[in-house]
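Asker: Could you put the whole structure together from the sequences, leaning on the hints where they help?
Its first residue numbered 1, the sequence shown is counted upward by one per residue in the working numbering.
No wet-lab data here; the hints were simulated from the structure.
In this text, a Cβ means the ideal position worked out from N, Cα and C, and glycines have one as well.
Hints may contain errors.
[To be verified] Label-pair ranges, simulated between beta-carbon atoms: (1) 106 <-> 74: 48 to 54 Å; (2) 70 <-> 99: 41 to 47 Å; (3) 147 <-> 8: 17 to 23 Å; (4) 70 <-> 109: 32 to 38 Å; (5) 50 <-> 139: 16 to 22 Å; (6) 139 <-> 74: 52 to 58 Å.
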Amino acid sequence: MLTWVDLLALLGLAVALAWGYRSGLQGAFAGLGVVLYLLLAQVGFAGPWWGLGLGLLLGLLAKSLPLPSLSQGLEALLGSLGGFLLGLFVALAIWTGYPWEKTAAGSLRYPSLNLPTPVYDGVSQSPFAREAFRLAWTSPWLRRALGLDRP
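Answerer: Structure, rendered in C-alpha cells:
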C-alpha cells in the first residue's frame, strides 16, 4: 500500500513529466540540468544552492538562446525525457531525504528511529523508500548528488 511519502514522490514525478511534455525544449534543458548536477556533484559541487544556480542558469539559457524549431512530436519527446529525469531525481530526493543512522552492528538503519512517529511510519511502510535508499547508497554518483555521505 502506498504511503504519503510515495504519493508525494510520485506526484513530483508526474508533475515534472507533464511539465516537460508541455514545455518542449525547455524541459529538455531541465533534464540536462539534472545530468550536469550529477556530474558536478562528483567533484564536490553538490547541494541546494548549486542546484538552484544551475537551474536558473539553464532556464535563462533555454529562454534566451535562439533554439531551432523542431517538429511538435520531437519537442514533446525531448521535453518528456527531460521532465522524466527531473521528476525521477525529485522522487529519489523525497524517498531518500529522511535521516538514517548506523547501528551498533555497523549496518545502516533507514529511516532513523529519531523521526516523529507519523513520519517514521510513512517512510518505513513505503514500498519504494528503502529500495530507493539502497539504490542511492550503493551508487556513489547518487550518494554524492543526494547528499547521503553525511547523516
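Asker: Just to be sure I understand the hint, the distance between the Cβ atoms of residue 147 and residue 8 should be within 17 to 23 Å; is that true here?
Answerer: With a Cβ separation near 18 Å, residue 147 and residue 8 satisfy 17 to 23 Å, so the hint holds.
Asker: Given a hinted range of 16 to 22 Å, is it respected by the beta-carbon distance of residue 50 and residue 139?
Answerer: With Cβ atoms ~19 Å apart, the hint holds.
Asker: With 48 to 54 Å as the target window, see if residue 106 and residue 74 comply at their CB atoms.
Answerer: 51 Å, holds
Asker: Return holds or violated for the Cβ distance of residue 139 and residue 74 against the range 52 to 58 Å.
Answerer: 31 Å, violated
Asker: Assuming the hint says 41 to 47 Å, is it satisfied by the Cβ distance from residue 70 to residue 99 or not?
Answerer: 44 Å, holds
Asker: Falls inside 32 to 38 Å, the C-beta gap from residue 70 to residue 109?
Answerer: 48 Å, violated
This entry does not satisfy hints 4 and 6, going by the numbered hints stated previously.
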